[in-house]
Amino acid sequence: MEPILQVQGLTGGYRKKRPIIHDITFTVHPHEMVGLIGLNGAGKSTTIKHILGLLQASNGSVRIHNQTLQEMPEAYRASYTYVPESPLVYEDLTLWEHLELTAMAYGLDRKTFEERVGPLMEEFNMKDKRDLFPQHMSKGMRQKMMIMNAFLVQPSLYIIDEPFVGLDPIGIRSLLELMVKMKNTGAGILMSSHILSTVERYCDKFVVLHNGRIRAAGTITEIQQQAGMEGVPLDDVFYELTKDQSV
Amino acid sequence: MMDVKQLWNQRIGAFLKEAVGYSRYIVNSGTIVFLVFAFIGASYYYSVLLEKLPRTYPVEWLIVLLFSLLLTGGKIRTFLKEADLVFLLPLEGRMGPYFRASIVYTFVFHALYVFLLLLAVWPLYTHRMGESAESFLPLLVYLLVIKLVNVAGRWQEQRLREQSARAAHAGGRWLANVAVLSVLFSQGFVLGNMIATLLFFVVAVFYYRTLSRQYIHWEHLVQIERRMVSRFYSFVNQFVDVPHIENKVHRRAWISMLVDKVAFVQRNMYTYLYGKVFARSDLFSMFVRLTIVGLIVIGLIRDEWGKAIAYFIILSLTGTQLSTLRQYYRYVFWTHIYPVPSTARQDAVVRVVFVAMIVQSVILYIAVLVPFTVGWHLVIAPVIGIGFSYVYSYRLLRRKLQEN
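Residue numbers (full-length UniProt numbering), protein chains in the order written: chain A, 1 to 247; chain B, 1 to 404.
These aren't lab readings, by the way, just hints derived from the structure by calculation.
Keep in mind the model is a prediction, meaning the values are calculated, not measured.
Hints are all accurate, no fakes.
Listed next, the in silico DMTMM-like pairs over lysine to aspartate or glutamate satisfying Cα-Cα at most 25 Å (straight line):
1) 248(B) - 91(A)
2) 5(B) - 157(B)
3) 139(A) - 82(B)
4) 139(A) - 219(B)
5) 261(B) - 115(A)
6) 248(B) - 97(A)
7) 81(B) - 91(A)
8) 129(A) - 85(A)
9) 261(B) - 131(A)
10) 129(A) - 97(A)
11) 81(B) - 282(B)
12) 181(A) - 204(A)
13) 81(B) - 92(B)
14) 261(B) - 91(A)
15) 111(A) - 260(B)
16) 261(B) - 109(A)
17) 49(A) - 200(A)
18) 248(B) - 128(A)
19) 139(A) - 225(B)
20) 127(A) - 260(B)
21) 248(B) - 131(A)
22) 261(B) - 97(A)
23) 205(A) - 161(A)
24) 261(B) - 128(A)
25) 81(B) - 225(B)
26) 139(A) - 128(A)
27) 183(A) - 74(A)
28) 261(B) - 114(A)
29) 139(A) - 84(B)
30) 129(A) - 260(B)
31) 205(A) - 162(A)
Every beta carbon over 12 Å from chain B, so not counted as near; a handful from chain A, in silico:
32) 128
33) 177
34) 178
35) 213
Note that beta-carbon positions come from the ideal geometry of N, C-alpha and C, so glycine has one too.
Whole structure, please, built from the sequences with the hints as guidance.
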C-alpha cells in the first residue's frame with residue numbers, strides 16, 4: 001500500500017548552515033499510528049514543522065500522497081490537520097466559530113459540518129461551551145477545541161503534537177478513541193508525545209529521535225532488537241537509547 | 001534581597017521611555033494642530049455660551065458633578081505584570097515602597113486633570129458666583145487634598161475581593177465627594193464645609209485602617225494594569241502601529257450575527273474571520289463613534305460645500321482607522337496551515353473595509369439630506385461615498401497590504 005506521508009532523507013532546521021535534524025527517513029501508511037518520541041530538543045518539533053511546510057529542507061523531501069508542498073500547495077495542505085502542542089486560537093472567535101472557520105477553510109459544506117460537529121461536541125463534553133471565547137476557557141478546554149477542529153475535517157493524515165498535557169482523563173480517553181476510530185477508517189496518524197506508556201499502547205510504529213537523528217525506528221519488536229533489549233517495555237528501551245550522550 | 005523601589009523605578013523608567021518614544025509620532029501626526037483648532041473653536045463657543053447664560057442659572061451642579069466624578073474615579077497604575085503573581089507575591093510584606101510610589105505617581109497624574117478641569121470651569125464658576133467666588137489657588141489646593149485622600153481610599157478599596165463591594169465603596173466615596181463639593185462650589189469655604197471635610201477625613205482614616213488589614217488582591221491589580229496598558233496602546237495605535245496590542249473582545253451578538261450570513265464556502269473563510277474581528281474589536285466602536293460624529297457634524301452644517309467636504313473627511317477618517325484591520329492575525333500560525341492561498345486574507349480585509357465604508361456612506365447620506373433642500377450635494381455625496389469607498393479599499397488599502 002502506498003504511504004500517506006513519506007519523509008525521505010530530511011535534513012533541515014531554522015538556518016541552512018545549522019541543521020537541527022539530519023537524514024530523517026520514515027513513512028506513515030493508511031491504518032497506521034506512528035509515535036515520534038525523543039527528549040526535549042531532540043528535533044521532534046522541527047521535524048513536524050518541516051512536514052507542515054513551515055520550514056524549508058536543506059536536503060531530502062517530505063511527500064504527502066506522493067506530492068510535495070511545492071508541487072501542489074493546496075492539495076498538500078488539505079490532506080492533513082494539525083493539533084499544536086499549545087493551543088493557538090483566535091481571541092475574537094467563540095468555540096463554535098472556530099469550528100465553522102475550520103470547516104470553511106477545508107471546504108466542508110454546511111450539511112457535513114453539522115453532521116460531524118454534534119458528536120464531537122458531545123464526545124468532548126463541550127456542548128454548553130459553544131459560545132465561549134478562548135479568554136474564558138481553561139488550557140484543557142482550548143486544547144479540546146484544537147483537537148475538535150482537527151478531527152472535524154477528517155483528513156487522511158493527522159499530525160498531533162503532545163496532545164495529552166492539560167487534558168482531563170476523560171478528554172484523553174476521548175482523544176485516543178477518536179484516533180483509533182480514524183485509524184480504522186484508513187487515516188494515518190503521526191503523534192509526538194512524552195507519555196511513553198500511552199504511545200507504546202496505541203502506536204503501531206515508533207521513531208526514536210535523538211540529537212536530531214533517528215536512533216531507532218520500526219515496530220516495538222524491531223526497536224527492542226535494535227537496542228538489543230528484547231521483551232523490555234518502551235520506557236526502558238527509550239532510556240537506554242537516549243542515555244549515552246546525556247552523561 | 002530585592003529592592004522593590006528599584007524595581008518600580010525600572011518599570012516606570014521603561015514605561016516613560018516607551019511613552020516618550022511614541023509621543024514623537026503623536027506630535028508628528030498633525031493631531032496637535034487639530035487640537036489647537038478644536039481648542040480655539042471650543043473657547044469661542046464657550047464664551048458665547050457664557051454671555052447667553054443667565055447668572056441665576058445654578059451651574060454649580062454641573063461643576064460639582066464633573067469634579068465628583070473626577071475625584072472619585074481613576075485607576076491606580078501599578079505597572080504590575082502577570083508574572084508578578086508568581087515572583088512578587090511572596091514579597092507582599094515588603095512591597096510597601098513599591099505601592100506607595102504607584103499611589104504618588106497616580107496622584108501626580110490625576111492632579112494634572114484636576115488642575116485642567118478647574119481651569120476649564122473657572123469662567124463658569126466666576127460667572128455664576130461673581131463677587132463671592134473663592135480665589136483659584138486655595139480652591140486648587142483644597143481639591144488636590146481631597147483627590148489625594150480619594151486615591152489612597154481607592155488603593156485600599158482594591159483589596160476587596162468582591163466587585164460589588166468595591167463598587168459600593170466607590171459609590172460611598174462619590175456621595176461624600178458630592179456633599180463636600182456642593183458646599184464648596186455654592187458657598188465657598190464656610191464652617192459647614194470644613195466640618196463636612198473633617199468628617200470625610202475621619203471616615204477616610206477609618207477606611208484606610210480597616211481595609212489595610214486585608215491582603216492585596218493581586219489578580220485584580222494585574223487585571224486593571226492590563227486594561228490600562230491596553231488602553232494606552234490602543235490610544236497610541238491611532239497614530240502608529242503598535243506591535244503588541246492586546247484588545248478586549250466584545251461579544252456584540254447582534255452585529256457579529258450578520259457575519260454568519262456570508263456563504264459557507266471555502267473562499268469566504270477569511271471574510272468570516274475578519275467580519276467577526278471587525279464586529280468584536282475596538283474597530284467597531286470607533287466606527288460607530290465616527291458615524292455618530294459624522295451625522296451630527298454634517299447635519300449641523302448648512303452649506304452645500306461644507307456638507308460634501310465633511311462627508312468626505314469623515315469617510316476618509318473611517319477608512320484610515322479601519323485599515324488597522326490588516327494588522328489582526330497577520331502573523332497567525334494557521335494561515336500557513338489552511339489549504340487556502342495567502343492572498344485570500346488580503347482580499348477579505350479589503351472586502352470587509354469596503355462594506356463597512358459603504359454602510360457608513362449610506363448612513364451619513366441621511367445627514368446630507370437634512371434639511372431637505374434641492375442642490376448638487378444630493379447627487380455628489382453618493383458619488384463621493386461609493387467612489388471613495390471603492391478607491392480607498394480596493395486601491396489604496398490593497399497596495400498597503402501588498403507592501404507588507
